[in-house]
Amino acid sequence: LDKVRALPGVEQAGLAARVPLDLSNSSTGVTVEGYQPRKNEEVNISYNEVTDGYFETMRIPVVQGRTFSGRDGADAPPVTIVNETMARRYWANQDPVGRYVTVGKARRQVVGVVKDGKYRSLMERPTPYMYFPMSQSYRSAMIIHVRTSGATNSMFPAIPAAMRELDPDLPLFRAITMEQSLELATFAQRIGATLLSIFGVLAL
Numbered sequence: 015l016d017k018v019r020a021l022p023g024v025e026q027a028g029l030a031a032r033v034p035l036d037l038s039n040s041s042t043g044v045t046v047e048g049y050q051p052r053k054n055e056e057v058n059i060s061y062n063e064v065t066d067g068y069f070e071t072m073r074i075p076v077v078q079g080r081t082f083s084g085r086d087g088a089d090a091p092p093v094t095i096v097n098e099t100m101a102r103r104y105w106a107n108q109d110p111v112g113r114y115v116t117v118g119k120a121r122r123q124v125v126g127v128v129k130d131g132k133y134r135s136l137m138e139r140p141t142p143y144m145y146f147p148m149s150q151s152y153r154s155a156m157i158i159h160v161r162t163s164g165a166t167n168s169m170f171p172a173i174p175a176a177m178r179e180l181d182p183d184l185p186l187f188r189a190i191t192m193e194q195s196l197e198l199a200t201f202a203q204r205i206g207a208t209l210l211s212i213f214g215v216l217a218l
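Quick note, my numbering runs 14 ahead of the 1-based positions in the sequence shown.
These are calculated hints, taken from the structure and not from any lab test. Certain hints may be false.
The calculated lysine-lysine pairs, modelled on DSBU-like cross-linking and capped at a C-alpha distance of 30 angstroms, are [said to hold, decoys possible]:
(1) K129 to K119
(2) K119 to K132
(3) K53 to K119
(4) K53 to K132
(5) K17 to K129
Now the in silico label distances, taken between C-beta atoms and shown as ranges [as the list claims (entries may be wrong)]:
(6) R85 to G164: 29 to 39 angstroms
(7) L216 to L186: 42 to 52 angstroms
(8) S135 to I190: 53 to 63 angstroms
(9) L21 to M156: 33 to 43 angstroms
(10) N107 to P22: 23 to 33 angstroms
(11) R178 to S38: 55 to 65 angstroms
Note that this is a predicted model, so its numbers are computed, not measured. Idealized CB from N, CA, C, for every residue including glycine.
Please model the entire structure based on the sequences and the hints provided.
Below, the structure written as structure tokens:
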């Protein structure tokens, strides 16, 4: 991240396990301290593992508390950041910052609340969502998100080169813009809209 952030034209960078709307999703059972589930209710929340800089790169506003930082290391107390929908659903009329959720064996403290986003589909309703710091929830396969000030495609050679300085054998996969990623995520809807237009013209 330090090497990529130092590249000319890079405004911010962060790592994450998933890209918004990339059709992949991870969820986990959660115990929300102070919340009594309704009969047969399962508290299952989707999540993402991210590093510091991710929220700034993706321009996800923080509405309460803070984002992740270097103090949230592997040896630090486990923490999490939740979105507004999760905060409203499980801590209505209460301050969610400082509350606790238990995920697996880890009791995580909520240190921040961020704006809602679209995670799996543009058509989805507001849904609870959590973020874990990568340093406390390590994954070997991660996606680097980079916000640039200039032409995005011009950064494609520079970013892999900076990463290979650390490890020339590091396996790197495709590099695409967020616009291209969104086109892939909305492919089915665009095909449906095209077919609907064709049938409309035929009907006329």
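Verification of the hints:
no., hint, result
1, K129 to K119, "holds (27 angstroms)"
2, K119 to K132, "holds (28 angstroms)"
3, K53 to K119, "holds (24 angstroms)"
4, K53 to K132, "holds (28 angstroms)"
5, K17 to K129, "holds (29 angstroms)"
6, R85 to G164: 29 to 39 angstroms, "holds (33 angstroms)"
7, L216 to L186: 42 to 52 angstroms, "holds (46 angstroms)"
8, S135 to I190: 53 to 63 angstroms, "violated (19 angstroms)"
9, L21 to M156: 33 to 43 angstroms, "violated (18 angstroms)"
10, N107 to P22: 23 to 33 angstroms, "violated (48 angstroms)"
11, R178 to S38: 55 to 65 angstroms, "violated (25 angstroms)"
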